[in-house]
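Go ahead and model the full structure; you've got the sequences and the hints to work with.
Protein chains: 2
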Amino acid sequence: MPEYKAPLRDMRFVMDEVFDFAAGYEAFGLDEVSPDLVGAILEEGAKFAGEVLAPLNRTGDEEGCHIDNGVVTTPKGFKEAYQQYVDNGWGSMTGPTEYGGQGLPASLGLVINEMVASANYAWSMYPGLSHGCAAAIRAHGTQEQKDLYLSKLTPGTWTGTMCLTEPHCGTDLGLIKTRAVPQADGSYKITGTKIFISCGEHDMAENIVHLVLAKLPDAPAGTKGISLFIVPKFLPDANGESGERNSLVCGSIEHKMGIKASATCVMNFDDATGFLIGDINKGLNCMFTMMNHARLGTGMQGLCHGEASYQSAVTYAKDRLQMRSLSGPAAPEKPADPIIVHPDVRRMLLTMKAFNEGNRALAYYTAQLLDKAHYSKDEAERADAESQLAFLTPICKAFMTETGLEATILGQQVFGGHGYIREWGQEQQVRDCRIAGIYEGTNGIQALDLLGRKVLGSQGKLLMAFTKQVHKFCQANEGHATLGGYVKQLNGLNAQWGELTTKIGMKAMQNREEVGAASMDFLMFSGYVTLAFFWLKMAVAAQQQLDAGSTEAAFYEAKLVTQEFYFKRLLPRASAHKEALEAGADSLMKLSAEQF
Amino acid sequence: MPEYKAPLRDMRFVMDEVFDFAAGYEAFGLDEVSPDLVGAILEEGAKFAGEVLAPLNRTGDEEGCHIDNGVVTTPKGFKEAYQQYVDNGWGSMTGPTEYGGQGLPASLGLVINEMVASANYAWSMYPGLSHGCAAAIRAHGTQEQKDLYLSKLTPGTWTGTMCLTEPHCGTDLGLIKTRAVPQADGSYKITGTKIFISCGEHDMAENIVHLVLAKLPDAPAGTKGISLFIVPKFLPDANGESGERNSLVCGSIEHKMGIKASATCVMNFDDATGFLIGDINKGLNCMFTMMNHARLGTGMQGLCHGEASYQSAVTYAKDRLQMRSLSGPAAPEKPADPIIVHPDVRRMLLTMKAFNEGNRALAYYTAQLLDKAHYSKDEAERADAESQLAFLTPICKAFMTETGLEATILGQQVFGGHGYIREWGQEQQVRDCRIAGIYEGTNGIQALDLLGRKVLGSQGKLLMAFTKQVHKFCQANEGHATLGGYVKQLNGLNAQWGELTTKIGMKAMQNREEVGAASMDFLMFSGYVTLAFFWLKMAVAAQQQLDAGSTEAAFYEAKLVTQEFYFKRLLPRASAHKEALEAGADSLMKLSAEQF
Chain A
1 MPEYKAPLRD MRFVMDEVFD FAAGYEAFGL DEVSPDLVGA ILEEGAKFAG
51 EVLAPLNRTG DEEGCHIDNG VVTTPKGFKE AYQQYVDNGW GSMTGPTEYG
101 GQGLPASLGL VINEMVASAN YAWSMYPGLS HGCAAAIRAH GTQEQKDLYL
151 SKLTPGTWTG TMCLTEPHCG TDLGLIKTRA VPQADGSYKI TGTKIFISCG
201 EHDMAENIVH LVLAKLPDAP AGTKGISLFI VPKFLPDANG ESGERNSLVC
251 GSIEHKMGIK ASATCVMNFD DATGFLIGDI NKGLNCMFTM MNHARLGTGM
301 QGLCHGEASY QSAVTYAKDR LQMRSLSGPA APEKPADPII VHPDVRRMLL
351 TMKAFNEGNR ALAYYTAQLL DKAHYSKDEA ERADAESQLA FLTPICKAFM
401 TETGLEATIL GQQVFGGHGY IREWGQEQQV RDCRIAGIYE GTNGIQALDL
451 LGRKVLGSQG KLLMAFTKQV HKFCQANEGH ATLGGYVKQL NGLNAQWGEL
501 TTKIGMKAMQ NREEVGAASM DFLMFSGYVT LAFFWLKMAV AAQQQLDAGS
551 TEAAFYEAKL VTQEFYFKRL LPRASAHKEA LEAGADSLMK LSAEQF
Chain B
1 MPEYKAPLRD MRFVMDEVFD FAAGYEAFGL DEVSPDLVGA ILEEGAKFAG
51 EVLAPLNRTG DEEGCHIDNG VVTTPKGFKE AYQQYVDNGW GSMTGPTEYG
101 GQGLPASLGL VINEMVASAN YAWSMYPGLS HGCAAAIRAH GTQEQKDLYL
151 SKLTPGTWTG TMCLTEPHCG TDLGLIKTRA VPQADGSYKI TGTKIFISCG
201 EHDMAENIVH LVLAKLPDAP AGTKGISLFI VPKFLPDANG ESGERNSLVC
251 GSIEHKMGIK ASATCVMNFD DATGFLIGDI NKGLNCMFTM MNHARLGTGM
301 QGLCHGEASY QSAVTYAKDR LQMRSLSGPA APEKPADPII VHPDVRRMLL
351 TMKAFNEGNR ALAYYTAQLL DKAHYSKDEA ERADAESQLA FLTPICKAFM
401 TETGLEATIL GQQVFGGHGY IREWGQEQQV RDCRIAGIYE GTNGIQALDL
451 LGRKVLGSQG KLLMAFTKQV HKFCQANEGH ATLGGYVKQL NGLNAQWGEL
501 TTKIGMKAMQ NREEVGAASM DFLMFSGYVT LAFFWLKMAV AAQQQLDAGS
551 TEAAFYEAKL VTQEFYFKRL LPRASAHKEA LEAGADSLMK LSAEQF
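Going down the list, the sequences are from chains A and B.
The letter at position 151 of the first sequence is residue 151 when you use the UniProt record's numbering, and the numbering goes up by one with no holes.
The letter at position 3 of the second sequence is residue 3 when you use the UniProt record's numbering, and the numbering goes up by one with no holes.
Since the hints were made in silico from the structure, they are not lab data.
Treat the hints loosely; a few may be bogus.
Put simply, identical chains are the same to the list, so a pair is met inside one copy or across any two.
[As the list claims (entries may be wrong)] Heads up, simulated SDA-like pairs for lysine to any residue below, C-alpha to C-alpha not over 20 Å straight-line: (1) K318 x P332; (2) K468 x D271; (3) K472 x T73; (4) K177 x R324; (5) K334 x V314; (6) K177 x D218; (7) K146 x E241; (8) K568 x Q496.
Structure below.
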């Protein structure tokens, strides 16, 4: 089984040639983020991911986490790898400089995160959730809270979690039962049970900072009565170091389909000391800071498993000899041809390639938006970046994980029977990837968020801001010598996107169920069109290089062929989603519960 | 976690009201297969599946199989359940009466097999493979071989396997290295290693009969030099009982993604004694008897996991309270509504329901063809049934397993985070189901078989025989008062099916890669149209009952709604597959291996 290698050339293509990250850094006055520095970070990140984390991926799955009397042990090597990650400053890359961070832009952090998470997704969750926790404290904490916790979370000395779900509620957080009772000293006593807490307990860091949703005794019912609390495993002492043990404990860890090296904990809080963060009853707002962060990260999970699976599948398809090419023997000296000669094997590999590289372009585009939202001096640009992020986040989360799962399933299929055997690693990619469509808001919830809140909730404004951009691109390229036909195809779909939305909006005024009935197909339609846009952007960039006589013709030609494949072989699915959602809610709502 | 219950009403609907199994039994002179007998068998089968096998499904997965010095132990309870299966005559149902079988028709066997395999797929593989082995011996063995082995395999006293795959070849059996050296007594010495041998070694029966593909020393190269051998674990003694141990051993068992309770063995044959079955160098022909049997069985696997997953998902969706219906509270007395009120949850359940019930109709139709091919006194009818089976087998195998996997993934999704946790059982359905698209010829190979061998290889004859039937049905129902619109839609797709095939055939004359480039999308297109045909047959039958004033209106209305859902929400995918395959081989074949 080949281990993951960061696809640096593909990454650089998107960073440099499609979106020009460097120009952004310059515009934002990030002079220290020089091309040399970026190059060095990418090279070192690739090494760390490939040499330290990738070798722990399968052993981590085999060994899993163990719990003994509330103490969770992570698989062999995980702790040491984490220490190396902290020591070498990977954890603090994008953290604020005032707390020991390096202040590097989020876009660069996301690229490094792609490497880390592709090499070993389960491992990457430990630092990944910490980043979300730190972001929430940075956005909503008091100065004291920031000083205390960010100085530990930023370098990675402590890690963090988010504790939302309870046994009887996940999506519907208004139902939570965890209680927070105010104390005389301004703190709170937190009591309740949280489940599915990723990295809720482990042996990798000296302390764990839980962000916990709970209700005050007199809180209003539903989501308007939820507050957020910082509940550390060890209470900070006077020097801000881990002090007294708080009364919370990991009751058990779940036995799961995959990401077995990531401890998924049941956390029992029993009069644990907590500190309010943000305003009373505004906990959900604070939590959304974490959740948006986590949703983009979860979207990346689709790409990460898809890429790792693709790399193994390509290697296998070049090695495995089986049958002859119908066009005549490709390796006449061998007993059979490598299976990469067969068109149906190529269909599977190209589907993976098209989704992975398209998803990477989508992800890096949002990464650049994160930079803009943070650094731009122009308020309108910042606001535009925030709006685009709001619009693209559910697409990233759901479309990238749906297509990522399809990619890993195909990567397993390329291996035939060997794909089903644990030793080859492909089945782990499928098992690990499967969770991405479920957690951080199921993909169905993302679809409702996209269509209900973001698109219809903004009276179409967020969608139009994006389709306008696509339209502009199409206008600019309508006369393209080789890609003009595809530009026309994209422009047509882009127009349909708006029309569809208007139609659903009209129907929803008659029947509110129409939104939920259309949402998942709308999300998938949106994803296919969005990826078509980014694929065409990549194709235009590749054609430019070819026209300029690039010495890397094979690389750029592959981009053009993959774009062609995407448009001809995958994009037709957009129409199937359109037709399905246009059918409306009727056939969905007719059956009584008993008729199922 | 609710355990599987055979959906008897749905099964009877297809058996009695859509295809009229009883009329077939009468026509074939199977007087003993009375409605009373059928009813009793179904009731008892449902009990055995639900009460004996289903409770062993999850424990079997947790425990798995173990090997110690060549001895394989199956999970607790498996052996006892097998004994009960044998004692109660389930194994011998369809076996020949001269060898202790009950001579019941294959159609009834398939229905019982659906129950058994839905309750516990891994367990069902032990008897399942035996049936294939017995079928091959019955078709190709000498009288002596039949007397010897069928008298043990038919009641299930011994079990059987098929040993094809070797480490370096699965699809490409021409490459096998296992050798068969003729001995003076007419037997052969078999030496070689076979892998992925399902149920190759276990503790459930007193002997195991391996059917092994091997090459004689002077055999021609490739598939024309393969012979088939009976290689029993214990050589039969003079009385036909298990005698001396043969020199073959299970070297190891695989660690797999799923079907963990089914022992997947590496079998080492070391000068093992084997007996030629069928003619020298005609082994593949003999093996195809087993493989066609196994392919239909594997297609059923898609339905079985889909159905088991659906039952759990519906129960969960009625129990789990989360959010309010947008149309107003459905359960105002509870803290939230059951999630079955939400349109997107219904979309998932209906997708499962539509695939499961459509696939069941397809499967039962082929079951009736099995009866026709075996019992019909009319040679033309027998030949027609054989042709239709040849045509439908790859569709059953691949389409039912692709859509079955989609169904199990949706059934997991309905559970949210709980779907990812082992204890709920839904993730096991996904892991177990995943193998069905891979083994017994990957789905890509089925697609080549359908388009290359069956459709184009018969100059379209096999396809036309089926599309003619669909066309006739459409003509007969074009004026249907309520379903006329769907009839027109089906008729249009049916016409496209033929046109598409002609186009591919023309292109393939220019470029042989066009077949492989089109095959998988062609298979999926074929599957969607085939299911549309069967759904419409079901809808017509349901409407008839409603028109006649049935007292089961809710049941029949659910059929009509599911048919509507299938046509409006799932069938549009057929067009996406059509568009994709019409794009041809170009974008698939352009890249060199290095460009991947």
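Hint by hint, here is what the structure shows:
Only within a single protomer do K318 and P332 lie at most 20 Å apart by alpha-carbon distance; the minimum there is 15 Å, versus 60 Å between protomers. For a Cα distance limit of 20 Å, the shortest separation of K468 from D271 qualifies neither inside one copy, at 53 Å, nor across copies, at 73 Å. Neither within a single protomer nor between protomers do K472 and T73 lie at most 20 Å apart by alpha-carbon distance, with minima of 53 Å and 66 Å respectively. In this homomeric assembly, K177 and R324 come within 20 Å of each other (Cα to Cα) only across copies, at 18 Å, whereas the closest approach inside a single copy is 63 Å.
For the identical chains of this complex, K334 and V314 are intra-copy neighbours only, at 19 Å inside a copy versus 53 Å across copies, given an alpha-carbon limit of 20 Å. Taking the shortest alpha-carbon separations for K177 and D218, only the intra-copy value of 13 Å comes in at or below 20 Å, while the best inter-copy value is 77 Å. Proximity of K146 to E241 under the C-alpha cut-off of 20 Å is restricted to the intra-copy arrangement: shortest distance 14 Å within a copy versus 80 Å between copies. Taking identical chains as interchangeable, the C-alpha atoms of K568 and Q496 lie at most 20 Å apart whether they share a chain (18 Å) or sit on different chains (19 Å).
When each numbered hint is compared with the structure, violations occur for hints 2 and 3.
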